[in-house]
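S.K.: Residue numbers (the numbering used here), protein chains in the order written: chain A, 241 to 355; chain B, 4 to 115.
The hints are simulated quantities; they were obtained by calculation from the structure and are not laboratory data. Honestly, I wouldn't trust all of these hints.
Said to hold, decoys possible - Below, in silico cross-link-like pairs of lysine-lysine (BS3-like), each with a Cα-Cα straight-line distance of 30 Å or less:
#	chain 1	residue 1	chain 2	residue 2
1	B	Lys-81	B	Lys-61
2	B	Lys-52	A	Lys-297
3	B	Lys-102	A	Lys-297
4	A	Lys-311	B	Lys-102
5	A	Lys-249	B	Lys-64
6	B	Lys-61	B	Lys-102
7	B	Lys-52	B	Lys-64
8	B	Lys-102	B	Lys-64
9	B	Lys-64	B	Lys-81
10	A	Lys-249	B	Lys-72
11	B	Lys-74	A	Lys-249
12	B	Lys-81	A	Lys-311
To be verified - The following label-pair restraints were derived from C-beta to C-beta distances:
#	chain 1	residue 1	chain 2	residue 2	range
13	A	Glu-292	B	Gln-85	24 to 32 Å
14	A	Leu-309	B	Lys-72	34 to 42 Å
15	B	Gly-44	A	Ala-322	22 to 30 Å
16	B	Glu-67	A	Leu-335	22 to 30 Å
Stated by the list, open to error - Below, a sample of chain B positions facing chain A; criterion: calculated Cβ distance under 8 Å:
#	residue
17	Phe-37
18	Lys-52
19	Pro-82
20	Phe-93
21	Lys-102
22	Leu-103
23	Gly-106
For each residue, glycine too, the CB sits at the ideal point set by N, CA and C.
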Amino acid sequence: NAGVTQTPKFQVLKTGQSMTLQCAQDMNHNSMYWYRQDPGMGLRLIHYSVGEGTTAKGEVPDGYNVSRLNKREFSLRLESAAPSQTSVYFCASSLDRTGGGTEAFFGQGTRLTVV
Amino acid sequence: AQSVSQHNHHVILSEAASLELGCNYSYGGTVNLFWYVQYPGQHLQLLLKYFSGDPLVKGIKGFEAEFIKSKFSFNLRKPSVQWSDTAEYFCAVSSNDYKLSFGAGTTVTVRA
Chain A
241 NAGVTQTPKF QVLKTGQSMT LQCAQDMNHN SMYWYRQDPG MGLRLIHYSV
291 GEGTTAKGEV PDGYNVSRLN KREFSLRLES AAPSQTSVYF CASSLDRTGG
341 GTEAFFGQGT RLTVV
Chain B
4 AQSVSQHNHH VILSEAASLE LGCNYSYGGT VNLFWYVQYP GQHLQLLLKY
54 FSGDPLVKGI KGFEAEFIKS KFSFNLRKPS VQWSDTAEYF CAVSSNDYKL
104 SFGAGTTVTV RA
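Kindly generate the complete structure, drawing on both the sequences and the hints.
M.R.: Structure (structure tokens):
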């Protein structure tokens with residue numbers, strides 16, 4: 241049981257390049273989330289999805305797009321990377337909405353550097 | 004909107020010392036409370052959670068936390084830390100929506 245799997249683990253991009261971060265979970269969870277982690281700021285929610293075909297904006301959605309491809313997969317796309325997007329990105333999933341009393345499970349993270 | 008404050012950015016202590024990390028949140032309604040731990044180079048793992056019932060919650064690895072509603076607090080405690088407790092600790096809060104809000108984190112360094 242792999243839990244939440246993210247790829248890649250590390251990536252270096254040049255300003256203006258695009259890339260997609262992949263995330264898959266095998267726990268049959270309904271909700272999936274993308275967070276970014278920056279020193280001194282904790283984790284901030286970028287986008288989330290509460291089910292197939294639905295996505296919503298979190299706290300810091302600008303510059304990012306997401307796709308909930310199916311129940312297992314939730315991708316995050318940077319169309320034109322900027323140095324301000326240098327961060328560690330975490331994908332997470334939960335059985336139901338976290339406000340409903342279920343915990344979130346996290347992937348290993350993707351360390352992205354934009355130069 | 005809810006927010007979460009963790010009072011200590013970095014805590015350094017010796018093995019066998021007691022640990023208490025503060026967490027306060029701002030939200031007037033019903034909340035669910037979590038403490039997550041991130042060991043060096045690893046992903047976040049759940050230490051403990053509070054949804055309802057006994058406000059004193061026990062988690063893994065000897066950690067516990069107390070929910071004090073009147074103080075909007077959910078402080079984490081461990082009576083005697085080990086070197087392996089060196090990690091970053093995050094308090095998180097969710098209400099009846101889909102968003103889990105995190106504090107800035109507290110780095111705990113335990114010296115052998």
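S.K.: Each hint should be assessed against the structure and marked as holding or not.
M.R.: Comparing the hints with the structure gives:
| no. | hint | in the structure |
| --- | --- | --- |
| 1 | B:Lys-81 / B:Lys-61 | 10 Å, holds |
| 2 | B:Lys-52 / A:Lys-297 | 25 Å, holds |
| 3 | B:Lys-102 / A:Lys-297 | 10 Å, holds |
| 4 | A:Lys-311 / B:Lys-102 | 19 Å, holds |
| 5 | A:Lys-249 / B:Lys-64 | 28 Å, holds |
| 6 | B:Lys-61 / B:Lys-102 | 24 Å, holds |
| 7 | B:Lys-52 / B:Lys-64 | 14 Å, holds |
| 8 | B:Lys-102 / B:Lys-64 | 27 Å, holds |
| 9 | B:Lys-64 / B:Lys-81 | 9 Å, holds |
| 10 | A:Lys-249 / B:Lys-72 | 39 Å, violated |
| 11 | B:Lys-74 / A:Lys-249 | 40 Å, violated |
| 12 | B:Lys-81 / A:Lys-311 | 38 Å, violated |
| 13 | A:Glu-292 / B:Gln-85: 24 to 32 Å | 43 Å, violated |
| 14 | A:Leu-309 / B:Lys-72: 34 to 42 Å | 41 Å, holds |
| 15 | B:Gly-44 / A:Ala-322: 22 to 30 Å | 26 Å, holds |
| 16 | B:Glu-67 / A:Leu-335: 22 to 30 Å | 25 Å, holds |
| 17 | Phe-37 | 7 Å, holds |
| 18 | Lys-52 | 6 Å, holds |
| 19 | Pro-82 | 24 Å, violated |
| 20 | Phe-93 | 6 Å, holds |
| 21 | Lys-102 | 6 Å, holds |
| 22 | Leu-103 | 5 Å, holds |
| 23 | Gly-106 | 5 Å, holds |
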